[in-house]
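Novice: Sequence:
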Amino acid sequence: MAANQKFTEELGAALANFLMWPPMAGRISAALMASPKPLTLTELQDQLHASGGAISESTRLLLTTGVIRRLKTPGVRRAQYEWSDDAWVNCAKHTRDQVAKLQDLAERTATTSDGSELFLSRIRDMEKYYHLMTDGLARLSDEYETQFRAEQPTEISSTTKTMRT
1 MAANQKFTEE LGAALANFLM WPPMAGRISA ALMASPKPLT LTELQDQLHA SGGAISESTR
61 LLLTTGVIRR LKTPGVRRAQ YEWSDDAWVN CAKHTRDQVA KLQDLAERTA TTSDGSELFL
121 SRIRDMEKYY HLMTDGLARL SDEYETQFRA EQPTEISSTT KTMRT
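Each residue of the sequence shown is one higher than the one before, starting from 1 at the first, in UniProt numbering.
Please keep in mind that the hints were generated in silico from the structure rather than gathered at the bench. Glycine included, every Cβ here is placed at the ideal spot set by N, Cα and C. Check before you lean on any hint, since a few could be wrong.
[Claimed, not checked] Distance ranges between label pairs, derived from CB positions: (1) E143 <-> K72: 27 to 35 angstroms; (2) A3 <-> G52: 20 to 28 angstroms; (3) T146 <-> T42: 47 to 55 angstroms; (4) G53 <-> M20: 18 to 26 angstroms; (5) T73 <-> D97: 23 to 31 angstroms; (6) F7 <-> T111: 31 to 39 angstroms; (7) E10 <-> F148: 33 to 41 angstroms; (8) N4 <-> T73: 53 to 61 angstroms; (9) P74 <-> A110: 23 to 31 angstroms; (10) D46 <-> S113: 45 to 53 angstroms; (11) K37 <-> A14: 19 to 27 angstroms; (12) R124 <-> T42: 49 to 57 angstroms; (13) Q5 <-> V76: 31 to 39 angstroms; (14) R139 <-> R108: 38 to 46 angstroms.
All chains, full assembly: derive it from the sequences and hints.
Specialist: In structure tokens, the structure reads:
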């Protein structure tokens with residue numbers, strides 16, 4: 001198994017477990033990370049030996065999290081996709097935002113629930129946990145973004161000059 005193919009399979013499984021993504025989203029991530037050029041859905045489908053539906057569904061997820069970008073290149077009929085230069089910054093922000101939604105749910109439930117004492121105790125534990133997670137992820141996300149931005153060259157790559165849609 002070639003190194004890139006092994007990485008594709010392992011990242012697919014790891015992201016599926018860690019981020020609760022479908023394995024295909026991880027495989028697409030790995031393929032785009034390894035690709036020196038943007039790829040169309042058809043190219044991803046061929047490279048990953050996957051159905052069009054699986055590729056399309058997973059690229060929508062990856063676009064939502066900001067780890068990939070959709071490109072409309074002049075002279076190319078089909079949209080292309082590339083790994084975002086700031087993918088991990090966007091992934092950290094997306095994770096932080098999702099955890100914040102769980103914290104908000106716990107806070108709202110704790111103040112409006114007429115549930116049992118056991119239920120309220122569990123909700124308060126959930127609230128404390130997600131408060132700690134939200135604060136920690138916000139700090140980590142901000143710190144990583146600051147570090148990432150400081151390390152970036154002022155010139156943008158040739159692929160980032162392409163018009164994005």
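Novice: Determine whether the Cβ-Cβ distance between R124 and T42 falls within the hinted range of 49 to 57 angstroms.
Specialist: Taking Cβ atoms as reference, R124 and T42 lie about 51 angstroms apart, which means the hint holds.
Novice: Has the hinted range 19 to 27 angstroms been met by the Cβ atoms of K37 and A14?
Specialist: holds, 25 angstroms
Novice: Could you tell me whether the CB distance from R139 to R108 stays inside 38 to 46 angstroms?
Specialist: Cβ of R139 to Cβ of R108: about 24 angstroms, so the range 38 to 46 angstroms is violated.
Novice: Is it true that D46 and S113 lie within 45 to 53 angstroms of each other by Cβ?
Specialist: holds, 51 angstroms
Novice: Given a hinted range of 47 to 55 angstroms, is it respected by the beta-carbon distance of T146 and T42?
Specialist: violated, 38 angstroms
Novice: Kindly confirm whether 18 to 26 angstroms is satisfied by the beta carbon distance between G53 and M20.
Specialist: At roughly 20 angstroms between Cβ atoms, M20 and G53 fall inside 18 to 26 angstroms, so the hint holds.
Novice: Taking 20 to 28 angstroms as the hint, is the beta-carbon distance of A3 and G52 inside that range?
Specialist: holds, 27 angstroms
Novice: Return holds or violated for the Cβ distance of Q5 and V76 against the range 31 to 39 angstroms.
Specialist: violated, 26 angstroms
Novice: Is the gap between the beta carbons of T73 and D97 within 23 to 31 angstroms?
Specialist: holds, 30 angstroms
Novice: Is the hinted range of 53 to 61 angstroms satisfied by the C-beta distance from N4 to T73?
Specialist: Since N4 and T73 have Cβ atoms about 23 angstroms apart, the given range 53 to 61 angstroms is violated.
Novice: Cβ-Cβ distance between E10 and F148: within 33 to 41 angstroms?
Specialist: Once the Cβ atoms are compared, 24 angstroms apart, the range 33 to 41 angstroms for F148 and E10 is violated.
Novice: Within 27 to 35 angstroms: is that where the Cβ-Cβ distance between E143 and K72 falls?
Specialist: holds, 34 angstroms
Checked against the numbered hints above, the structure breaks hints 3, 6, 7, 8, 9, 13, 14 and satisfies the rest.
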